[in-house]
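As a plain string of letters, each chain reads:
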Amino acid sequence: MTDSEGGPDLTKGTGPEDAITQAAATGTGPLVVVEHVHKHFGELHVLKDINLTVDRGEVVVVIGPSGGGKSTLCRSINRLEPVDGGRILVDGKELPKEGKELARLRADVGMVFQSFNLFAHKTILENVTLGPMKVRKQGKQESEKHAMELLERVGIANQAGKYPAQLSGGQQQRAAIARSLAMRPKVMLFDEPTSALDPEMVNEVLDVMTGLAREGMTMIVVTHEMGFARRAAQKVVFMADGQIVEENTPDEFFTNARTDRAKDFLSKILTH
Amino acid sequence: MFDFGPFFDNFHEILEGFWATIRLAAASAVLSLIIGTLLASFRVSPVPVLRSFGTGYVNIVRNTPLTLLLLLCAQGLNDTLHLTFSESSSTTYYWWAVLGLSGYTGAFVCETLRSGINTVPLGQAEAARSIGLTFSQSLRMIILPQAFRSVIAPMGSILIAMIKNTTVAAAASYAEVALISKTLLDKPSFASGAIPLFIGVAIGFMILTLPTGFFFGWLAKRMAVAR
Ligand SMILES: Nc1ncnc2c1ncn2[C@@H]1O[C@H](COP(=O)(O)OP(=O)(O)O)[C@@H](O)[C@H]1O
Ligand SMILES: [Mg+2]
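Line by line, the protein sequences give chains W and V.
The numbering used here puts the first sequence at residues 22 to 293.
The numbering used here puts the second sequence at residues 217 to 443.
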């Protein structure tokens, strides 16, 4: 569905630049563990006993019908939503319930949103340096140097002084990725990062993500981009009605899904 | 009837009255912005006690006549309970007037700012949290700066209303221009100068308020956040 043409080429191994974003994957054991997680919105049971393990350096694609709970799962993993049951471990630690400690640990989990959510009153460079300076208490010079390296990587270094509204959607999303990477997160969550984009801008964002995956970033990506899933992911998780219905390799899943629910879903997105 | 003689005879006193008005307005502008920002922060904070306090404060103060609030400050708290700011009673009355007027205006500032907060997309607050900013950091660095910029023009209106409301501070025994005018009008010798006095004071207020309005209109355009 999507093959890279144009846009920044980040799929090649890029030597020292790996260090810019390399996850601090120094520990052992899986990086993200979701255990028996439940989540309700009032009466609505949105996550029903979710279990998921993501290894260090693994890329997991989450796919499924709208309303199935994919966003809620992402948001639970960095505690934008509290869960009602079960627990979520990142690098062996459960995120604390509230307060400063939560804020600090949450930065270990990068999040990229469908609607970019750049800070509209700050330049692209300021968007990227804010977290490192205010959360990691890094100096301004060091933060700006790192930010420029990241913007270079995602191909928008020449836009550093502009405001978000002056950039195209694809450029904004790449800036948002750089903003998350600036925190040197251990894992990156992407919630439908390309669904708000015009078609011609989808690839430039997917290429950046593919580059990250090749470098060993641990990623959980909600997307319906099959090309990306096949190219970059080790695992596909199919979610529907608040449950994980199927876990499979990308090739198996797209050609030979095990469950009827998944087959049915795939037939719908493939006919389009 | 249009005898400008008495007006100019007492010009010095009237100017002093205006100076008192300006001092009251300037201090109240600063303090009401601070109070309003704090209240708005309370009202959107995740702490229920603060939220209730903010809501309660705004609903009580906004719905009480300003004259009553100022009387409460000057006569209730000051004269009866003897809460004073300084040895000099005129200084004390000044600060009570500032406090009463700012406390009142702050409630309006809070509500205006809150409507500005609603213009900031929720996603930006979530993005701020996701990069590890605490609630107060994201309020200070992301939400309030954009909220302020979106309500600069209505903030100007509040400020203009506040400048005119300084005339009520007479109720707090503070000798600003309205009280001085009233004292002048009570003098039999001033009788023929009443209308010139009204005209003069009205023009004086416009000199204060018109530029305020223009300045805020200009600032609103300049500071608008592109989305
Ligand atoms: N903040 C919320 N309050 C109430 N219901 C919500 C909220 N967020 C999501 N939901 C509901 O939870 C279900 C799952 O939503 P979501 O996780 O966004 O699904 P997906 O991302 O797979 O489309 C939907 O029925 C949605 O309406
Ligand atoms: Mg979603």
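It is worth saying that the hints were derived from the structure and are not from the lab.
Note that beta-carbon positions come from the ideal geometry of N, C-alpha and C, so glycine has one too.
A portion of the hints provided could be inaccurate.
[To be verified] Sample of chain W residues at the chain V side, in silico, Cβ under 7 Å:
| # | residue |
| --- | --- |
| 1 | F62 |
| 2 | G106 |
| 3 | L110 |
| 4 | R125 |
| 5 | A128 |
| 6 | F134 |
| 7 | M154 |
[Unchecked claim] Every beta carbon over 10 Å from chain W, so not counted as near; a handful from chain V, in silico:
| # | residue |
| --- | --- |
| 8 | F218 |
| 9 | F227 |
| 10 | L297 |
| 11 | F406 |
| 12 | F431 |
Which numbered conditions among the earlier hints are violated in the structure presented, ordered from lowest to highest? 1, 2, 3, 7
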